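One line per chain: the protein sequences are A and B, in this order.
Every number in my numbering is 101 more than the matching position in the first sequence, counting from 1.
Every number in my numbering is 27 more than the matching position in the second sequence, counting from 1.
None of these hints come from the bench; they were simulated from the model.
Owing to the predicted nature of the structure, the values given are computational and were not obtained by experimental measurement.
Take these hints with a grain of salt, some might be off.
Unchecked claim - Residues on chain A that point at chain B, a partial pick, calculated with CB under 7 Å: (1) Leu108; (2) Gln129; (3) Phe192.
As the list claims (entries may be wrong) - Output of the computed footprint for chain A on chain B, the stretches with three or more beta carbons under 8 Å from beta carbons of chain A: (4) 98-106; (5) 139-146; (6) 259-269.
Glycine included, each C-beta is placed from N, C-alpha and C at the ideal position.
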Amino acid sequence: MSTQKSLPTTIALGVARGGLEIRQFMRQRESVVFTLAFPIILLAIFGSVFKTTLAEGVTFSQYFVAGMIASGLVNTGFQQLAIIIPMEREFGSLKRLRGTPMHVASYFIGKSILVFVSMAIQVVLLLAAGMIFFGVELPTDPYKWLTFTWLIILGSAASTALGIAFAAVPKSGRGASAVVSPVVIVLQFFSGVFFVFTDLPGWMQQVAAIFPLKWMTQGMRSVFLPDSFAVREVAGTWETQRTFLILMAWLVAGIFLAIRTFKWSRD
Amino acid sequence: MNVIEVQGLHKSYADTKAVDGIDLTIAQGEIFALLGPNGAGKTTTVEILEGFRKADSGSISVLGFDPSQRGVQARIWRNRIGIVLQSTADAGDLTVIETLSHFAKYYSAPRDTDEVINSVGLDEKRDALIRTLSGGQRRRLDVGLGIIGSPELLFLDEPTTGFDPEARRAFWLLIESLRKGGTTILLTTHYLDEAEALADRVAVITRGKILEVSTPAQLGGRATAKARVQWKSNGVIQEEMTDNPTEVVKRLSAQFPGEVPELQVLRPSLEDIYLSMIGEK
């Protein structure tokens, strides 16, 4: 009897799904270009337009790279998933998965792996382009690389969970991009990705401080900018501990919402 | 042993009764077809049995399990069933073999992927991206995904919509081979010839109610219905309704010197019976 034999584990299937997701992602030229090349194009534009130096040893490109890496967390996780999942729902691919013995957690694990891997590729490309063309400098302090690592892991995990949760909002697959992209773009402006955060109006800073992107960008600045720059932040310090706690809170909220709102089919 | 047992199934959406008191019993190894017009409640009924929807009331047992339950028992249950949905149209960036071997990983005792590819007639498309497949080939892949886990019970929701006649015949052979392997199949279809070719029993469903459950040959009193004998005499088509068509033909052949002009013996087709049952004729 097939009931006697054991089912594959949720983790093993999650890893298998991750591999499949990456393979699918790599075959969609638009998604590869949008996710991997777009940040570099933005860096090229902003790096060429703003030649200013913000402080000693801090070029705008250096400031901008930190913001773009943080944005990448939101783009590859939140934005990508909140657009792709409603499409998978509309196409019926989710309903088909629902009809199999696969656990929903395997699906989530697969998406997390996709986000993490595409994020890693994006970071490498962005840093390489920044170093080669815009004189972006990498930190040498191992402590900063430690911060960088947990920011990437925690940030992409929170972004993944929030993306799965937000995927419940768009009514249709085709309309998803129109619902999700403005949210992300506004957040990017508010969170100090395109402009120096402290130059923004106070109310904008306060709104941004509710959302995770502001904390991701600030965290990435603590990695890529000299510590002497910390005095120019809103609090006068990098607020590393607070960043960790706020991202953690968003991760927990994201997981809770993702589980509560996830739908396999539209009705 | 009955694979499916349903009693007093009800399901309403807003103010429409999609399923209005359905009873069903399907035995192991049986191929059972649900026939009915669009909106009759076929898909709702099947989706409740598949665990996709919750019934408002009624007792349901599918392989001895209530499909509305969740948790690990539900996953063990899903391991034993196969589902072919009405339509799935994913982006298709994977190949046939990649998709099937991935889905095979979900089950405890999957079938051999190449054997499945062969049985759905996709050998030549084994390494083709799904997006390059024709509609009929995609549908055959859907069926392949439905049977990859070697299910004891297979749900097929309008499996051959969009097939050309040749692909349909090939599909029927596949279903026959599954029947020989002992798979129980619940099929919904628009095609009466398909139900007639495949199903051991059919149920006609309309407005959420089952009108009749019978073998295709006996549905609507088809086996005992009067035959219509038609022939041409003096340039006019004549016809006679009879319980004994052989007698009528004997009489006619004595009456005419050679061939009886344009002789036909007609019995109601499954389609005639079906259409009259659902009130279209």
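To see whether the hints hold, each was checked on the structure:
1. Leu108: holds, 5 Å
2. Gln129: holds, 6 Å
3. Phe192: holds, 5 Å
4. 98-106: Per the Cβ count (4), the hint holds.
5. 139-146: violated (count 0)
6. 259-269: violated (count 0)
Going down the numbered hints, you'll see the structure goes against 5 and 6, while the others check out.
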